[in-house]
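Student: Single-letter residue listing:
There are 4 protein chains.
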Amino acid sequence: MLKVAVVGASGYTGLELLRLLARHPEVEIVAVTSREYVGKPLTSVFPALAQIVAIDFTAPDPESIASQADFIFTALPHKAAMGVIPAFMQAGCQVVDLSADFRFQDQNIYEQWYQPHSAPELLSQAVYGLPELYREAIRGARLVGNPGCYPISVILGLAPLLKADLLDPETIIADCKSGVSGAGRGVALASLFCEVNEGFRAYKVAEHRHTPEIEQELSRVAGYAVRVTFTPHLVPMSRGILATLYGHWHHPVTESELYQLYRDFYQGHPFIRLCRPGSLPNTAFVKGTNFCDLGLRVDSRTGRVIAVSAIDNLTRGASGQAVHNMNLMQGWPETLGLEVVPLVP
Amino acid sequence: MLKVAVVGASGYTGLELLRLLARHPEVEIVAVTSREYVGKPLTSVFPALAQIVAIDFTAPDPESIASQADFIFTALPHKAAMGVIPAFMQAGCQVVDLSADFRFQDQNIYEQWYQPHSAPELLSQAVYGLPELYREAIRGARLVGNPGCYPISVILGLAPLLKADLLDPETIIADCKSGVSGAGRGVALASLFCEVNEGFRAYKVAEHRHTPEIEQELSRVAGYAVRVTFTPHLVPMSRGILATLYGHWHHPVTESELYQLYRDFYQGHPFIRLCRPGSLPNTAFVKGTNFCDLGLRVDSRTGRVIAVSAIDNLTRGASGQAVHNMNLMQGWPETLGLEVVPLVP
Amino acid sequence: MLKVAVVGASGYTGLELLRLLARHPEVEIVAVTSREYVGKPLTSVFPALAQIVAIDFTAPDPESIASQADFIFTALPHKAAMGVIPAFMQAGCQVVDLSADFRFQDQNIYEQWYQPHSAPELLSQAVYGLPELYREAIRGARLVGNPGCYPISVILGLAPLLKADLLDPETIIADCKSGVSGAGRGVALASLFCEVNEGFRAYKVAEHRHTPEIEQELSRVAGYAVRVTFTPHLVPMSRGILATLYGHWHHPVTESELYQLYRDFYQGHPFIRLCRPGSLPNTAFVKGTNFCDLGLRVDSRTGRVIAVSAIDNLTRGASGQAVHNMNLMQGWPETLGLEVVPLVP
Amino acid sequence: MLKVAVVGASGYTGLELLRLLARHPEVEIVAVTSREYVGKPLTSVFPALAQIVAIDFTAPDPESIASQADFIFTALPHKAAMGVIPAFMQAGCQVVDLSADFRFQDQNIYEQWYQPHSAPELLSQAVYGLPELYREAIRGARLVGNPGCYPISVILGLAPLLKADLLDPETIIADCKSGVSGAGRGVALASLFCEVNEGFRAYKVAEHRHTPEIEQELSRVAGYAVRVTFTPHLVPMSRGILATLYGHWHHPVTESELYQLYRDFYQGHPFIRLCRPGSLPNTAFVKGTNFCDLGLRVDSRTGRVIAVSAIDNLTRGASGQAVHNMNLMQGWPETLGLEVVPLVP
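Residue numbers (the numbering used here), protein chains in the order written: chain A, 5 to 349; chain B, 5 to 349; chain C, 5 to 349; chain D, 5 to 349.
Mixed in with the good hints, there may be bad ones.
Treat identical chains as interchangeable: a pair holds within one or across any two.
[To be verified] In the DSSO-like style, the derived pairs of lysine-lysine whose C-alpha atoms are separated by at most 30 Å in a straight line are: (1) K167 with K208; (2) K44 with K208; (3) K208 with K7; (4) K167 with K83; (5) K167 with K44; (6) K44 with K83; (7) K83 with K7; (8) K208 with K83; (9) K44 with K7.
Derived from the structure by calculation, the hints contain no laboratory data.
Please model the complete structure; the sequences and the hints are all you need to start from.
Tutor: This is the structure we're talking about:
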């Protein structure tokens, strides 16, 4: 059994990691950390885990954790993650980091959108943890930068089109909609039930920090610089991201050509599901799972391709993806511990 | 007191009309019709109206209704509306029709997206009921085609930009999100609570029948043919539409120039509210009202303008708009009976 | 125009007061206070009020406010309210207090469930602001203790039964369910969307501080001491309280006898609505209004009467009730400014 | 691998069975039936199951199904179930029936609350499928009447108290609240999103057909006739039942005595979780699982015990319970295939 620790386990991505790791057949949870809840039983904070995970929160002390665990999930805020990860690496642990700190190849871009990087020497060995693009590299990685939730939904939705050079790269728009858990478990006015319920809004339009991450990866797939307009919205529901992705085609294509293109691109990737032609994804259909559902439309009147992707932002968009990366890093079957059936309704 | 009838009063737009008309100071509700509930008290179907409106449903018989009422709201499905409206017109009534039947100037376009038109002779006298564009014409109209909910959100969001010729007309995308009441009160599997709750999805992508209506009006404003890609989505909430509207600029503009443009365009229109720069609309902030809130952003990295509009699909998107049109047709103050404060939270 | 101030206007009951006062025909809002937002425009905190109320927040300084306003609504937390109300009273203002500080006749009971009372000399002149029981006293009051949200739902539901001595007073249970706005706008983990959404729970069972308030009023109505078991629950919705009220009968009664009893008891009270026999209240049907809907059942198998009441916790349960009390204190028609139609759906 | 069929697989309990059976290590799904969808792929109706269960709907023909399957789950409406179950029994299949048809020991009671029974000869061999009460009998059963969702929540919450004779049996009240999936996937006005959302109501007060089922089982546990007042309510959420259960004590007890009583009673039952003293159940914490969470309070002021139970109505309240029963009938570990972690948030 692999000994794993979840560093920063009191938030929603931490909780989601515990949900998946608790039933993972090859894993033993040896430490869960939280500054706020040190010494408290995990189940006093998350009663849902009673009779499932019996462990107390400990302090996020890297040495102590590294002495117990061989594999570390860091579910900390940006900046805090890069503060502790070097110690884990030095101690010989493998790390999947759920923050943005190790997602960027170019330190400058990270620093332009986030803050000064305190462990830039690790950037070159970090692998961007999206298996559909980098499966082999992840298999050999010791440090994986787990992708952002929105970027996953956008990159998986557009990669085949860009790889095939079907779109005018100046015309790409990602209109994304996320459930509220994407904002985390931090106590903020804007996350109160009554502030969110029965309302819908856009936020951080054209300035969200997932933009450069999306562009980095789409550009790598395309082979040339891709710029996107990225617009996030908040949906009054707990889980799920739907991305509606637009681009103008170079030449007319049919929907069935597109479906074939996607089928080929994602061949052998167990967590991609293409909708039946004529139907489209619904975030409800991936709830609690690592699936990314994809649907395709052409608007021949205007010459646009519209790809729609749906993920669960906490599973595929964070913790399920992280477990998927662990599976690859350990040489295990990709789907191990992730064979969860969507909870519908 | 103006004697009004609501023909087709058992759906959500009918109910919303009754909510507003019940407190309108110049109006008396003399008839409410419903095939299904003939003879039943209105409050047996809508207990919320107990002690507010005391009337029984009658059959939708045009002659009988026209003999009691001078002003008719038809809240019937498409096709049914044009079946009864000629009789109301002949009887000398004024009519605001909430269906699509009298929104189109070009009979061909209507017939291409809907069905054969049974009263084409009335199309030329029908006025498109969007006061921000056609206030004077509505004042003189006897028949108003009340706009569709999505078109209102899109047209109000884009009109100033198109009037000022700021956008490349080939680049316009309307990504719209609607609450569930937009699907009406018809009993359908897809409208069940458990099918909608905690899910988000797109539907009728690039084929929704509001597309030609949007294009008709944007083209009239622009003075040349405008085509849009229109993508509707379903939000798990009862009321509200948010439209996120994209276009590539001809030349760079600043947000403050845009705000000035919109301020000028909508000067004197009481139901338009521009957000404070830096903030954006939320459908929650217009709930139950006739307001259309507008926010503006430029994405200078990609050369795009992003306009965001929020309305209540049942009020501004249907019944409030219809009352607004009645006010104009009667020569009353525009806001009469519509001075409702948003219900927050 | 009566000059009114809302002291503590940044919470949900403050916002609800502003919604109602903004359209009240006899009222001018001259001051809104908030420690947190001093100097900020009201609409920067509540964008929903844009173009409706134009005023800036000021500090909650009693002298300054009393110099501008003749009528004060205090929408402050318990304890803070009694800190400022004496100054308002001394300055000659009339006050409706939405906290618990002036609801109790017996200082001991208040102090046992809350804290030491800092203005006990005012308790005797404060009137419990439930017009269906104390209309005349409210008319003559200068200080009204506006009832708690749960107590309103319970007292209105049980008063006729207790007045008529129909129930065994040892058998009364109030099982109440409230929307989330009842917890206020304070930033707390338990009020986050993701903590509340898709869950249902009881809280403060048999220890909630509304218990002694309920018992005070039921005992006054009954003429003897009444004890209740009161169980509050949290419903994943923004507004509304449903109270399911149980008592064992002394002697068998029929539902139609009960309906007659309630009809007589509430005769002439405009905000009470009895459901049609066979139907029951739904919080959705009173949303945004001052109505209390009541339904009645007998369980003849077990000898119990079950009364069900529904209110909007922010309107009838707080701010609408407060405006109602103001209307009475001013000698105005009870329903002035409160003729709002429920927002359905 | 046990060959199982789900007869009536197009509703929510059918879907929930498939969710669990798809990952059950000892089971193969050989048939799913639906009158409405005969010949259609399961995933065309439930896209969430794509890449998980590959099967087409067939007609609910007992002979054909019995020739393929050894174990049958009937997830049909009452009456339809008893129409097909005799054929399955005759063919030698084991059956868990999710309808009410085989829950009653006394045919008269069934017929009084439901309809004439068409297979009364099977009633005596049917076992009531609540393992905490009848584990051994279920192990030997060929036909199990799977309990109703509300009865499970009430019986598990009260059984220890009644077994210990702690309550006055004339004082028991079950105030229950259910998510909307309890109403099934049938297309009905009352189940529409906009009719349910943001509302809370009671229904079928003192007349719901789960009443006699609750009384049958509580009486068996107690050893004497128990009558309850049972009040169901509808919560605007998809899943979950919370039961708030009241009874007057014979003699004072403490909460810690009660906890000890429950601990002893449920010793060795893996799906019962007692809340930590001081905390109470939340339906969110059991979502998607077979757990029943229990919390206890005494109201010493009034002499009442209040037990609160929470289940997922589709899992513990129906399909998870059915799988649990199958496990017992097969001699497998009780928790096989049911080790699902609650989906929070």
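Student: Decide, hint by hint, whether the structure agrees.
Tutor: Checked hints:
1. K167 with K208: Cα proximity of K167 and K208: in one copy and across copies (28 Å, 27 Å).
2. K44 with K208: between (36 Å within a copy, 22 Å between copies)
3. K208 with K7: neither (39 Å within a copy, 40 Å between copies)
4. K167 with K83: Neither. Shortest intra-copy (33 Å) and inter-copy (46 Å) distances fail the 30 Å Cα cut-off.
5. K167 with K44: Cα proximity of K167 and K44: none, with 49 Å in one copy and 35 Å across.
6. K44 with K83: within (25 Å within a copy, 33 Å between copies)
7. K83 with K7: within (25 Å within a copy, 52 Å between copies)
8. K208 with K83: within (20 Å within a copy, 39 Å between copies)
9. K44 with K7: within (21 Å within a copy, 45 Å between copies)
Comparing the model with each numbered hint stated earlier shows that hints 3, 4 and 5 do not hold.
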